[in-house]
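Here the protein sequences come in this chain order: A and Z. Basically this note's numbering = 1-based index in the first sequence + 21. Basically this note's numbering = 1-based index in the second sequence + 109.
One should not assume that every hint holds.
As the list claims (entries may be wrong) - Using 20 angstroms as the maximum straight-line C-alpha spacing, the simulated EDC-like pairs for lysine to aspartate or glutamate come out as follows:
(1) Z/LYS152 <-> A/GLU91
(2) Z/LYS143 <-> A/GLU165
(3) Z/LYS726 <-> A/GLU199
(4) Z/LYS741 <-> A/GLU199
(5) A/LYS159 <-> Z/GLU113
(6) A/LYS159 <-> Z/GLU600
(7) A/LYS78 <-> Z/GLU217
(8) A/LYS148 <-> A/GLU165
(9) Z/LYS152 <-> A/ASP109
(10) Z/LYS727 <-> A/ASP109
(11) A/LYS158 <-> Z/GLU600
(12) Z/LYS520 <-> Z/GLU790
(13) A/LYS158 <-> Z/ASP130
(14) Z/LYS726 <-> A/ASP198
(15) Z/LYS143 <-> A/ASP109
(16) Z/LYS727 <-> A/GLU199
(17) Z/LYS781 <-> A/GLU165
In short, the hints are calculated from the structure, not lab data.
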Amino acid sequence: MKRLSGDASTGRVASGFSRREFLRGSGAAAAATALAGASQVAAGEGDEKSDGVVRGKATVVLDVNGGKHEVQVQPRTTLLDVLRNQLDLTGAKPVSADPSSGAATVLIDDKPACAASTLVLQTVGKKIRTVESLGGKKLDAVPEAFTHADAEQCGFCTPGFVVAVRAFLNEHPKATDEQIRSGLNGNICRCGTYANIIRAISIVRGG
Amino acid sequence: MAVEYSWPTKEESKVIGTSHDRLDGAAKATGAAKYTYDTNPPKLLIARGLGCPHGHCRILDIDTTAAEKVPGVVHVHVLQKPKLGDDGKPIQPEIEWEGELLAVVSAETEAAATEGVAKIKLDFEPLDVFVDDEDLAAAEKAGRTSKGGGKVQLEKEPGDDEDEDEFAEKEINRLLGEAKRVVEGYYGIRPITHCCLEPHGSVCSWEGDKLSAHLSTQNVSGTDEQFANALKIAAGDVHVECQYIGGGFGSKFAPDYWAIAAAEISKATGRPVKLMLTRDQELKLGGNRPSGYLKVRLGADADGMVTVWDSQHWGTGGGRGGVVGHGVIPYVYRPKNFRRVATAIKTNCAPSRAWRAPDHPQACAISQTAYDDLAAKMGADSYDIFRKNLANIDSNQKAEVYAAEMEIAAKLMDWKAKWHPHGKGQANGSVVEGLGMAIHTWQGTANTSNCMLRIHPDGSVESFCGTQDLGTGTRTVCAMVLAETFGIAVESVKINIGSSKYPESGASGGSTTVGAVSESHRRAGLDALEKLAEVVAKKLEVDAASIVATGGRVGSQDDAAKSLSWKEACSLLGHKAIEVTAGYKIGTKSPLSSAGVGGVQMAHVAVDRETGVVRMKKFVAVQDMGLIINRKLAESQIHGAMIMGIAYALFEERITDPKTGQFVNAELSDYKLPRLGDIGELVVELYEPESERARGVIGLGEPPVISPGAAISNAVCNALGVRVPVLPLTPKRVVEALSAKA
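If we strip away everything but chain Z, and leave its shape as in the complex, we get (with noise of 0.2 angstroms):
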C-alpha cells in the first residue's frame, strides 16, 4: 500500500509550527562546531595564494626562487606559468581582474606560507583597465557593453504594415504624453560581494587514489563530481564533507580553482594541503553581486495607476559581463505597457556569482524607488500608490496577499500616524525622518532530496542526508519532521548531513533546502513509520491503518489501551531495524511542499541633513512562507535578511581604483558593514493564515532579502523630499543629493 504524504494539521502537530532551539546552538556557541577553516590533520601543510595586483595585465614572469628557500615552505604551485608555445614564441596568461590567484605556497606554518607568497618576485606588463560600471556612455565608447536582452509590451498592436520597432517608440510616447503624471527617474545600487565570514577553501587529503575534501560549500551533494571531472578521477573516489559552512549566500557551490589545486598540492606532497583564501582575496574573488543603474519614464493616470514604463538599465557583472535581467523590471509591478532594455558591461573585476534572491535586490531597489518618486510627485501617501497598482503586478504571490500583507505591515508601522508628504516632516534640528516602503516575490521551490533513515531496536533513530547547513538550521528542521512524525522528542532524533557519502540532497541555493529536506524526512519518516505499524498492529492485534505514533506511544487511533511506549513498539523489530530511503525531485507536484511567496516591508528611518547620516529607527518584515516548520528559525531568516539589507542599502560597496583595476577597501577595517548599533528596531511578523499553510512548505531565506534597498531608499526620500539616487546611501551621497537639489 502506497503511503499518502500529508502534514499534520494545525492541531495535531506537535512540533512543526514550534519555536524549537536550534540543535547545534551550543556547538557553534562555543566553538565546539568545526568549518573546513578548523579542520587541523596531523601533518597538514598550509597554503596561501598570491593574487594577481592588477585588474589587467600580462604576466611576464613569475619567480619562486627565494620564495622556495623560506624555512617552512614544502612546496610551490604556479597556477599561470609562462611558457613557451610549440612555435617558440611565448605564452604569457592575461589575467583579467585584480585578485586572480597566480601561485600557491605551502609551508609547515601560515606564517611561513605567507611569507613565501611575499617572496615570489612577480613580473607583469599592465594593460588597459576598465571598472566604470556607472557610466553607460563611456562603456560603450570602450567596446564595453553587450545586449542584456529586452521586451516590449503593448495593449495596442502595430498595424500589419507597421515597424514593430516603430510603432512602440509611438505607442509609448504618446501613452507617456496622454499621462496626468509623468517621472522621470534615475536609480541605482553599487557592487557588493558575499563576504563570507569563513572564506572560500577546502582541506584536501588523499588515501591512495581517493581524495578527502573538507570544502566550504553549499553543495556537498554536488562538489565530489565536479572535484572528480576536474581530477579526471571517479566521483566515487571523492568525498567531500562540510558539517559547518561559515556563510556562502549563493557563493561557494562548487570548489572552484583553488580547491583543485589544493588537491594537486596535496597529491605531490602527500601530505594534507589547507588552502583558504585571505580576507582580501575572499572580497575580490569569493564573490560579487552585480550593480545595477536605471533610467525610466513612468507615466500614471491621475490617480496614480501607472498606465506605462519605459526603461533602459545596465550594469555589470564583472569580467565575464552580466547584467540584472530584465525580466524582473520593474520589480512585482507590471504596467500593462512597458518596454525594458538591458546592457551588460564587461569590467575589469572578478565574474559576479549568485547573490542571495539573484537580480531581485537589485530590481526592486532601481524600480520601485520609480513608483514611490511618482507618489512623491502628486503628494500622494506612497502606501496608497503602492497598495493601488496591486491591480498590475506579476508575482508568485497574489495581489489579495500582498494587500493583507500591506495592511499588517502598515499597523505594525503605525505607518498612517507617521506618515508625512515627502519633505514635508517636522525636522527636529537637522534631523528628519522618513518612511519607506517595498514589496517583493519569490519561488522557493523545494529542492532534489533523498533521506536514508534507521529506525533502531532499541528505539534509537537516525536519518543521513546529503545536505548542508548553511546557517538555517537544516539539523533542527530535519529533527523537527522526523519527532512529528514518531511522535518523539527533537533531541531523540540523531540527524547525520554534510556528506557527499550520504544519500544525495539539492544544492542550497534559491530557498530549496527547508522544502527539501522537510519532503525527503517526511516521507522517509512516514514510510518507516508504516512497516513500524505492521508490526505494531499485528502485537496489538487492531488494524495497521489505524496505527498513530504521537506522544511517545505508538497505537491504535481507535482504542486508547491499545497501545506502546516508542522504546516497546521498537523493540518489537526484534534484530533489524527498520532501513528506508525515499526521496523527492524538484519540480514534482506534491502535498508537502509549493512555491511562491511574496513579502512586504516598511522602514523609517532619519536622516541628518548637515551630516548626511541615515539611522534606521524601525524596519517592518511581513513575510508569507507557507507551512512553517520552525517559528524560531524562520524569524531569524528574516532578521538576517533584513540586517543584510540595511547593509546594501546603508553601507557596503566594492570600491575600485579606475586605474590599476583594485578593490581598495576589500578588508573589514574598509569595507562598511553595519554593527549591532546600526540596525534600529527590526519586527517581523509571519504571515500565516490557514490558506498558507495548506500550500505545504516553501523556502524563506531569500525573499526578505529583497525589499531593504527600495524600502529604506523610499524612506530616505520621504524625510528629505530628495531621491539620493544610487544605494548604499552613505552620508556622502545623502550631502550631494541634497546640495545638488539647492
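In isolation and in its complexed conformation, chain A is listed as follows (with noise of 0.2 angstroms):
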C-alpha cells in the first residue's frame, strides 16, 4: 500500500506516519478487509484503491438504541462520524481524534468505548447504545443524579461523562470512594465538574 500523501495541518509536510493517517488509510483498509465477507455488509461499491484509500461506499445496518438502522459508510467511517452526521445522535461530541477526552463514549456491547476511533465496520452486529438512551421519558439514574449533583458547566464533556459512570456503575455498582477516584479518569472536563461528578456517583451508588 502507497504512503499517503503528507499532511500540513499537522505539520508533517514532507514526511513521517501519523495515527491519523493511519486511521483514514491503512487501518480503515484492514478493516474492511475482515469485513468484507460478512453478511451485514451489502451493496460495496465504486473502491478506489488507487492513492492508499478505500472509498468503497457500503449500506450497513446499525443496532443503535435498540433500534435497526441503515447507515452508508465507506471503511474509513467512524462510529462517531455516523451517529452524529446520519442518525444525529450528537451526545457523543468529537472533542478529540483519539480517546484521550473521553467525550465520545459510547457503549458496544454493554461496554464503554470511543466512538471517535472505533471504525463504524466493527460496530456491526453489536449492540450500540449512546447517551440519549439514557434520556426520554424515563431518565436513568445516572444523568438524573448529574443535574442534581449540578455535575456540569457547558456540558460538552457530560454526555461522554454520563456515559463513562453508566459503564462503571454497571461493572462496580458499590464502588468505593477510592474506585471511583481512580476509576473515572479517562474523561476530561475543561470547566471542572469533576468534584460534583464525583458526588453525583455517590448519590447514584447510594451513601
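Two independent chains are provided; combine them into the complex using the hints.
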C-alpha cells in the first residue's frame, strides 16, 4: 500500500506516518478486508485504491439504542461520524480524534468505547447504546444524579462522562470512593465539574 | 409611579439564595442540548481548515487542484493567496504563527473535507522563528521586546532639582538596605490555552440576503454586528444563535475570520456550511493566556511587614506582543514603596485572548509567592505574613473582609494544627506535605442587559433576553429571579436566551452575566407585576400598593382574605398579555447589583521528593460575592475555578518548538489536564454575612480561578523548603528545583 500524501495541517509536510493517517488509510482498509465477507455489509461499490484510500461505499445496518438503522459508510467512517451526521445522535462529542478526552464515549455490547476512534464497520452486529438512550421519558439514574449534583457546566463533556459513569457503575455498583477516583480518569472536563461528578456517582451508588 | 427596584429580604426570599437544580441539566446530561457543533441542517457542507505548519513563513503557493478532485469535496476557499501586485511583483502572505488557517475545504462529509485538506499542496519559505518567552535577555537581543509600562510610588518625594529615576533608584536601594528582611526571588508561569472542549466554529446559512449563524459564542448580542461589518451587510440581516456553548473562558467574543469564511463559503455554494476548528487548531488558534516571569527584590521590617517592592516582569501575549499589566503587581498587596516595570515580548505564537480573570492569575502566581518566600526566610507562619500585610492592599474588597475570610479558611483547613515551617515537615518515606495560601480580588460589575417579559392571561410567563449560558446556569438564574418576583414555581417560567433577535444583553466576560440578567429580569418582573397589581387591586377593591405576589397567590398584604391564585389573577387580563421591556445599563448605580469581591484560598499538598509528583490533598476556598442567587450554581463556579487552577498550577502548558514554532503538545493526549482523580478534597465556603448580601448581585465566575497558582506553589514550597519557581509544577520542574538546591 502506498504511503499517503502529507498532511500539512499537522505539520507533517514531507515525511512521516501519523496515527490519523493510519486510521484514514491502512487501518480502514484492514477493517474493510476483515469484514468484507460479513453478511451485514451490503452493496459495496466503486472501490478505488489508487492512492491507498479505500473509498468503497456500503450500506450497513447498525443496532443503535435498540433500533435498526441503515447507514451509508466507507471503510474509514468512524462510528462517531455516523451517529452524529447520519443518525443525528449528537450526544457523543467530537473533542479529540483519539480517546484521550472520553467525550465520544458510547457503549458497544455494554462496554465503554470511544466512538471517535472506532470504525463503524467494527460495530456491525453489535449493540450500540448512546447517551440518548439514558434520556427520554424515563430518565436514567446517572443523568438524573448529574443534574441534581450539578455535575455539569458548559455540558460539552457531560454526555461522555454520563456514559462512562453508567458503564463504571454497571461494573461496580458498590464502588468505593477510592475506586471512583481511580476508575474514571478517561474523561476530561475543562469547566472543572469533577467534584460534582464524584457527588453524582455517590448519589447513584447510595451513601 | 416609578417602580422601586430592590431584592426581598433574606426572610422574605423563597427562591433566591436556594440551591435549585439547573433547568437544562437533564438536556445537557442526555445529549438533548444542541451545541453549534451539533447543528445539522439539510444539505450541510462540512468544512475543515488547513493550518500553517510553520511559526513564521512566507506563503509562495497554495495548489488546490488535487484537493478539488477528492470525491465529495465541493468547494475550496483560499484565505492566504499569493498573488501578483499591480507592479507585477509577487505578494506573498507572511504568516507569523503556526496554525493560522490558509485555506478551507468544504465537502459532503467530514472525512472528505479532511482528505481534501491533506491534498492541498503548500509551498512556503520558512523565516526566523522566535518563541522563547522566558529568556528576557535573548528577547531583547532579538529585538522582540517593547515597554509594557510601569510605576514608581515612594513615600518620600524627590527634591526639586533631583532626577526622578535616579532618586527612585537611590531611595529603593536605601529602603532595601534598611530592611530587616530581604527576599530576592524569581517566579514564572507558562502560557496555557483556553482549550474549549467545543472548538470555535459556526454553522452558517443564507436565506436570500439574510445570514443565519449558529456560532459558538459568549457574545450573542454583539456578534451579529461583527458579521455584518465583515460581510458588508446590515446588522439587522444577521441572526446569531447559540443555545449552548461548549466552553469559552474569554476566547469566544467574536466570529473570528473563520466564521466569516464559513458565511462566504455558504454564500458561494448556496448550502449551509459547518466550519469547526480541529482539536489541534483549537489549541493553536482558539486562545491562549500570556505567560509571566518576574524578578523581585522585596524588603520587610523585622515583623514581616513588606516595606518595599522592586520588580521587573515580562512575558508574551504571542504574535501581537502584550504582557501581564503592571497595575496588578504586586497582586492585591501593595507596599507603600514600590517600583514595577513590565516588558512585553513578541513571539511567533498565536495572539493571546482574554482568559478567565485576565492577568490576575499570573500576577497572583508571580508575586504572592514572594510574600510566601518572606515567611520562609523568616521561619514565620505564612498565615501571619499574609494576615499582617493586609494593612497595605489595593483591592476591590476591604481588608477586614479578607481577614474574616482568612479565619474561616484556616479553620476549614485546620491550618494551625497542620502548619510547619517551610521544609520542616515530617517526611513519610520520600513524601512531604505542605500548606500554602493566596488571596485575590475582582470587580464583577453587572453588564448591560435588557429583558422582554410577557405575562399571559393563562398565567404563563416567558422572557426574552439576548444573553447566553457559558455554563454558569444563566437560564436557571433568570427563572429564579422571575419566580421570586411573581411567587411562582421556577419551572413554570419559560426563559428564552441565546438569540441576537432578543433584546440586547452584554457579552459574558468579566463575571458580568449573573449580575446583568438579575438586573434586567428583576426590573422587568417588577414592572410587569406593577401592571398586574393594578388589575388585581381593582378586582379585589384594595390599594394597588398593597398587592404582593408570593406563594402562588397575588393579593393584599394587609388582608389575607383578599387574594387570588396566580392563574386567577392573570385571567383578569382578558385577551391581552402584559408585555414589558426593562433593562440595566452597565455602570449605573443600582440597589440590585454592585462590584468588588475578594477571596482566600488554602492548599494542602503532598510532594514526592524522589519523583517530583505533587498531589492535591485538600483545597479550601472562601469567597464573597454579594447576594447569592443560586447557592448550588455558585458553588459549582468555585469548584470549577479551583480545578481549572489546579490545571495550570500542576499540569497544563503550551510547549513550542524553538526552531519551527510548532505547538508540539496540541492534542489532549499531550496537553496535560487534571483528571477526576487528581483534585483531592475541595472545600467551598460562601462568605455571606448580611453586609455582603446588602451589596446586591456581584459576578463570581472569575475570582476563584486567581489564587490557585500561588496557593499551590506556596504549599509545595512549604513542603519542600525549596521554591519551584515556574508553574506548572511538573515532576520535572520539582526534581530540577530540588537538585539545584542540593
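Going through the hints against the structure:
Straight-line distance between C-alpha atoms of Z/LYS152 and A/GLU91 comes to about 19 angstroms, which keeps the hinted pair within the 20 angstroms bound. Using a Cα cut-off of 20 angstroms, the hinted pair Z/LYS143 and A/GLU165 holds, with the two alpha carbons roughly 19 angstroms apart. Taken as a hint, the Z/LYS726 and A/GLU199 pair is honoured in the structure, with Cα atoms around 14 angstroms apart against an allowance of 20 angstroms. Of the pairs offered as hints, the one joining Z/LYS741 and A/GLU199 is violated, with about 25 angstroms between alpha carbons and a cut-off of 20 angstroms exceeded.
Simply put, A/LYS159 and Z/GLU113 have alpha-carbon atoms about 45 angstroms apart, too far for the 20 angstroms limit, and the pair is violated. Of the supplied pair hints, the one linking A/LYS159 and Z/GLU600 holds, its CA atoms being roughly 19 angstroms apart against a limit of 20 angstroms. Distance hint between A/LYS78 and Z/GLU217 is fulfilled; the C-alpha atoms sit about 14 angstroms from each other, no more than 20 angstroms. Proposed proximity of A/LYS148 and A/GLU165 is contradicted: the alpha carbons are some 24 angstroms apart, above 20 angstroms.
For a cut-off of 20 angstroms, the pair hint linking Z/LYS152 to A/ASP109 stands: about 14 angstroms separates their Cα positions. The suggested pairing of Z/LYS727 with A/ASP109 is violated, with an alpha-carbon distance near 42 angstroms, which exceeds 20 angstroms. Using a Cα cut-off of 20 angstroms, the hinted pair A/LYS158 and Z/GLU600 holds, with the two alpha carbons roughly 17 angstroms apart. About 15 angstroms separates the Cα atoms of Z/LYS520 and Z/GLU790, which keeps this hinted pair within 20 angstroms; it holds.
With a C-alpha separation of about 18 angstroms, the suggested pairing of A/LYS158 with Z/ASP130 holds against the 20 angstroms cut-off. With a CA separation close to 14 angstroms, the supplied pair Z/LYS726 and A/ASP198 stays within the 20 angstroms bound. With a CA separation close to 10 angstroms, the supplied pair Z/LYS143 and A/ASP109 stays within the 20 angstroms bound. Annotation: proposed proximity of Z/LYS727 to A/GLU199 holds, straight-line Cα distance about 15 angstroms (limit 20 angstroms).
Distance hint between Z/LYS781 and A/GLU165 is unfulfilled; the C-alpha atoms sit about 30 angstroms from each other, more than 20 angstroms.
Of the numbered hints given earlier, the model fails hints 4, 5, 8, 10, 17; all others are met.
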